[in-house]
Every structure is written in C-alpha cells, then in structure tokens.
Amino acid sequence: MTPLPAARRLLMLPVLALAALLLAPFTAPAQAQDVAFKNFSEVRVTGPVTREASADNYALIVYNSNYDDDAISDLAVTELDAKAMQKLFIDMGYPEENIMVVGDGTKQEIEDQVYFFAEKLDADSTVVIYYSGHGITFEGDPSNYIVPVNMTASAPGAERATREAFFKRRAVNFNRDILGVVKAAGPKGVVVFYDACRNSPLASADPTKAVGQEQGFVPAKVEGTAIFYSARNGETSLAALSTDDDVRLSVYTRVLVTQLSRNPTIRLSDLHRELQSSVARMARNKPGGSHSQNPVMENGLDYSRSERNEFCLAVANINGAPGCTGPGGVPAPIAPGALDAVCTSAPIRGNIDAIATIEQARAERDRYIQCDDLREQINARIATLAWEETKAENTCAAYRAYLTFHEGSAHTEAARAAEAEACRQMTREEINAHVVRCETTAARLGSVFSSVDAATLAEADQSCAIAATADTVDGRAIAFSRALILLEQGEQARGLDALKFAAGTVPRAALKLGDVLSSPEIPLPQRDLNEALFWYERAANSSTISSEDQRRALFRVIELQNEMGNPAAAMDAYALLINRASEARQVMAHLRQFPEGQAGKLSPSDVYEILFFRFQDGNLAYQIGEAWETGVHGGQNLEQARIWYTRAQERGNMRAQAALERVGAGGGGAVDAESLWSELISCLQQAEQSLSEESKLEKGVACTDRWLTRAGRDDHRRPEVEEHREALQMDLAAIARPASGGGSLDQFRQSSDPWDGRNGSYPGQRGYTDNGRRSPSVECKNRYDFTAEVDNGTITFWSDGRTFTGQIDLAGNISLDRNGLSPRSRTDFWIQGNVGNAAMYSGYCGNGYFRLSGY
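Basically the working numbering = 1-based index in the sequence shown + 1069.
None of these hints come from the bench; they were simulated from the model. All values derive from a computational prediction rather than experimental measurement. No residue lacks a Cβ here, since even glycine has one placed at the ideal position from N, Cα and C. Keep in mind that the hints are not guaranteed to be accurate.
Restraint-style ranges between C-beta atoms, simulated for each label pair [stated by the list, open to error]:
{"hint": "1", "residue 1": "T1509", "residue 2": "D1854", "range": "30 to 38 angstroms"}
{"hint": "2", "residue 1": "G1836", "residue 2": "R1245", "range": "48 to 56 angstroms"}
{"hint": "3", "residue 1": "Q1834", "residue 2": "R1245", "range": "53 to 61 angstroms"}
{"hint": "4", "residue 1": "N1108", "residue 2": "S1651", "range": "48 to 56 angstroms"}
{"hint": "5", "residue 1": "F1682", "residue 2": "G1559", "range": "44 to 52 angstroms"}
In silico EDC-like pairs for lysine to aspartate or glutamate, Cα to Cα no more than 20 angstroms straight-line [what the hints assert, rightly or not]:
{"hint": "6", "residue 1": "K1252", "residue 2": "E1188"}
{"hint": "7", "residue 1": "K1460", "residue 2": "E1560"}
{"hint": "8", "residue 1": "K1670", "residue 2": "D1618"}
{"hint": "9", "residue 1": "K1252", "residue 2": "E1121"}
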C-alpha cells in the first residue's frame, strides 16, 4: 500500500485473505484472462514495480489447513494460497525477513507469533495481513473470529449462549488479537485480505445446537485500515470451480495474485473493482451451476498521508515520479527532451471539464504527471467529480472522506458546511422520521393508486442515506428501500449495488434483484440470467418470505430454467412448488404459458401428472381436460382431453360425461389412413414420456382407442393395434390388481377385509383458532386444505410443507403427534379425536381443528 508521502516511501497496506471453501474447478475458457497461474510455484510479478521502495513493507500471512477435529473440514487449498501470496510479496520487493507465515497454528501459536511480528513494526512500517482458513461470527458480537487447528466442533452446555462463550474462548479474535495487536504497533497503514467468508464450520444439523451466524464476516470499520473480504456478507467463498479444477488456488486468491502480478502498483480502489468483476463472473459461470460471490472492500485508510490521495501495495516510476497506477498499468513514458511538446500539444488540454469519470481523470493524470499545469487542472476535475458523488451520497462519512481526500479544493467550504449538518448527532425522532420517509416512499412505488414525483423521490433517497448511518437501523432493509427508489429514479447501477447489498439477508430484495437482472430492459453486461436464477432460488428457499413471494420466486425459477434449456431443473422447481401449494389454481394458471412438444423444453403433460398426484381432485382433472381440448398448450389434443375427462368422471365430476361425448364426437373429419397412423405413432411416443407407468399405460390405451374408432374396418394394421391395446390393458390391470398370490379364496378374503371400505383418499381441512404465528412474517392460517390417504389404519397427508403420519381406526378416531411430522416440529404438536371434528394443537400456532370428509 503506497500513500506516497513526502519521503516517497511505499505505504503498504495489510492484506488478509482466507481462501478455501467449497472446492469447485476452473474449466471455463472464457475466464482464462482472469487467471495467470495454476499453482503457487508459477507466481511471479510481470508488471513494472520499484522494488527498492518496499523496504519498510511487512506482510503477515496466516493460514489454517489441517484441522484436528474431523468434524471441521480441512482446507487444503489455503496452504497453497499462502505460498502464492508469500511468493508474490517477495517478487514485489518486500524483504523476506519482513514476511512472517503462520501455518496450521493453534490459538496460542497464532497469538504468540502475531506479537513477535508486531515487535518489528514502527511508525514507518506499512503492513499487509492475509488470512486463509475457516472464520466464524456470532450474533451481537462485532468481532470476526478465525478457527485455529486445535479447536473442537462440540461444546458443553445446554444453552446456545454457553456454547458460544466456549467457542469464543477457543477461537482467535481477529479484530482484537491480530489486527488490534498490529495496529497498536503504530504502522502508517494496514491492508487486510480476508478470505474466510464461509458458513460457520461449527453449524449443526440440529438448529438448536448450531453456533455462529450464517454470514461470512462482521464489518470491522477500523480507522487506518483497508479490509478486502473475499465475499459479501451472507455468501461463501469458492475454493475451486469444480472437482477437477486444474488451478490449485482458491477463486479469490487466484484472481488477486493475477491482478497484482500484472499490475503490482494498482490503486486499491481499482484493485477492488477488478477483483469484484472477475471473481463474481467466475462464480456465476462455474461449471455445475451458478454461485454468487461478490468481494467487498471496507476502506478506512488515512489518505491525508498520501501526496496524491491514493494507496497501492507497491509503487512504479510514472514519468519520473513514483506513484500508483490505474487498471491499465504504467502509462507510456515521455521521451527525453519531448516533455514541453507533449505538455503543450496534449489532446486533453482545453477538454478537462469534459472528463466524465474519476477513473478516466486519474488515467489522464498519470499520462501527464510531469506537466505541472495539466496535473493541477486534472486534480481539480477529480475533486469536482468526487464532490458530485459525495453530494449524492449525502452522509457524514462521505463528507468527512471528501475533506480528507480533497482538502483545499474549490468545494472545501461547502463540504465543511455539509459535514457539520450531516454529522450532527440526530435524535431518535429525527432518525425515525428519515426511516419512515425512506420506507413509505419505497412502499408507494409498488402501488397503482399513487405516484411519486421526482422531488419526493430525491428527498426520500437522502433520507435513506441518512437512516443507513444510524446504528439502531437495519442497514440492509434500508438499502432495499433505497434500491427501489434509485431504480425508480433511473439510477440503474447504484440501485443494483444497493439491491446486491440488501439481498444477502432481505429475501424480498433477492426476489427484486432477480427481476432486475433478468429484465430484458436492463443493459448488458448487467443482465445476467445465471445470477438472477441464483437470487430467485435464494428467495424461494427463504423461510421468512411470504408464501406469495416464495411462489413467485419459484415461478421465475421455472421460467428461467426452461428458457435456458434445463427442463429437468424446471420440473424439479415445479415439483417443489406443487408440494408446497395449498391449491392447484395458481399452478394451473402459470402452466398455461408453456407449449407441449418442444424439444429441450418443459412438458406440461408431465407437470399435470405431478399436480394431479398431489391433489387427486375430479374438478382439477376436468380443468386439465379443458386445457387440452381448447388447445392451451399449442394445439388441440383430444386424446389427452379424453384421458383427463375420464379421470374427472371417475372422481365424480358431473360435467365429465358430456365432455367425453363432446370430444368423442368431435374427433375430426375424414383423415387418410397414413396420417391417422402417423398420429397414432406420435400419440404413443408422447405416452411413453409420462412420468408414471400407470399414466403411460392409460395414455397408450387412449391412443389405440382413438385410432380404432377412426380407422377403417378394412385397415390391415387393425389386428396389430388391437393386440397392442390388449397388452396395454393387461399391464394396466396388473398394476391396479393387488398382489395376493391368486385364487378365489384370496379374493374372498380381500373382499371381506373391513379396511376395504375405509382405505382410500379423503379431502380434509384443518386450521388454527388462536391467531398464532410460526415466525414474525408467517401467520398461522385458519384453514389448510389437503387430501389424506388411509391405508389399513395409517393416515398420511401433506400440508404446509410437512408430511403428517398417524393412526386411525375404523370408527374414525385419529391419533397423531410430533413424531409423525416430517420435517419434525421443534414444538409440541398433536391431533386427537374423531375425524368428524378432531382437536389439533401446535406449540407455534395454538389450538385448532382437524376434519375429514366422507370417512
């Protein structure tokens, strides 16, 4: 990290990276430009760097790879990452004696070595800290903890708080025992690369025994320190892109060493942008399925200690002066004796106010660093562009950062006045007012009955920014509201950033992010169906999102998987949706959009089979028949209509007989024999694609019946079709007939079984009457509809995400408790009494009722 003080020494920043999580491989050719090395031994610096300027730079590299407790997964790649970083720093000019590597350390060993390292530091030192290994955080604790190799995954105590206190004592407090010790030695600056963003290694299959949070890190917010995290909070870092990945470095570290080897003097802000872009792209496109990994940078460096308001990990000679570089590296040098001509004829002269971005301005400054007047003009333009960004942010931190970086600019006085107002200690009432303005304005954007003008949006945007700075406010919830406002204002990029921040813990933000990323209106390269799919799946699997939003997320998963040519994945999503559904109506409405018979696409006929298996309702069967008869799925299919109308008739639907007569009579006009034969073959091929054997046979019989009805009596193929129909019917009868061993005595015994009159399917309802809640966002309903199956004294039904299994007698008395629930309930649950009106109780929802019809 190079602040470029007057002494022109490099301010080296701490680097903390922990890089080994999920072991997934790197094989995509499109990503080759992101990775230069396959192993640590290949790492070398190829970009220009002034190595002698790194004499006061120090690096502390900590990794944990081989854990003593088998319950904590080993992370083999972390040692390779550490070696790659060590080789990189040496090649950048860091003296070998200034680099300490602590590998596979116990708690005591890590803490001792940090003290030994800190003893070498003084006020001229700059430090990089890199960590690779397991990390853990705890709710309500602002510190990040790293997991030493001698830590155990189990702890005594019945209470969660007791177990967490046990683990904290055995983990290494990174904020206090590593970063805090290094900071106390007084170095000029510290940069941390922290690649420990993974789910808690101390989690348990039993949520009551788990410790740690499902997030990667707690923002450290340490003054004088820049911290790079390998993934956003709530995400996990990839150790590899697939199981046969030939790159033996974690995804984050392979990109980090590649960027720094090519451009070791890149500004930290530009380095973060390069890391964020490459890592996120590689994770999204990894073989086997998209993953979300978005690196984060937390910058608390003191830029007043830099001549040019910039920091980097090493410096290069830029046209005669040491400095940091942009993403493009060191600009072309000015030939000796040509300085005056270059400065006088520079194309940028007279056009500096047209520079649109800070990145572009810095590149021009690097190019003309020796042209004194141009350099000062460009610096003024950078200050103006930064002022516009600061005003848009409108927070205390933003104004203070501006005054740190751009003291003495034309906007200094305005910044001081704005800082005084923004940094004023607000009362709770003022904070609440900003929160209310932010959230209510965002809520109004979703209403068709109200419109929001530009001035109100701008005011609400400012309130969101101010509210987000308060410690008492949920920053991610506020970020979601602000994202909606920014998108409404046309601020696509800023709105997308706010959504990505919020989506980690706010399910509705994840759903909205999926909408934005998959919208055909979003400009490339932001439009990304793979990432959209990731966020839709995250929303669909959330336990805190409303059932309506959960259903919408699953609908979008189905549509995107089908659009991307993954019909099996779309079917899986439909199966999950149907399993969760309390009624078939919305699934039926959604399914109408998909045509039948398209190669590589979803088959509606298969979805209907799953839907009917779930609900077993005559009215549903009739509606499916109507869909086929009316050509909803791309053309009339009378054979499918007949099958479903027959099922409807069998289950008591009163309109089914008339529908069967209609489709039988409307079989079409005269058709030549060959066309009719082709139609039969096509019909049988479709039948073969059915999910269940019974459905396949039923459809096959219907195909042959239709041909036999319409074909000529003298058609030479009639005996062949009749024989095939007979075989299908025999197979169908074998499936329907119980395997009793044969014989009339067996049949008599079966018919005399008292359960023959009780076994079968029964519609039912259950509900709660105490107005309880399963969670803060999920109410206990007063009615759930379901279909129960009774089989020789066992009753089974699916309802509200669970399978219920209990006992029932011939008289209808039911007995069911929490042991019959899958997944098992964490609280007490039971159903007792006669199914005509049995009592039901849940520890979450309170008292309720249970009823079966027709038993």
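Unmet hints by their number, sorted upward, for this structure: The structure breaks hints 8, 9; every other hint is satisfied.
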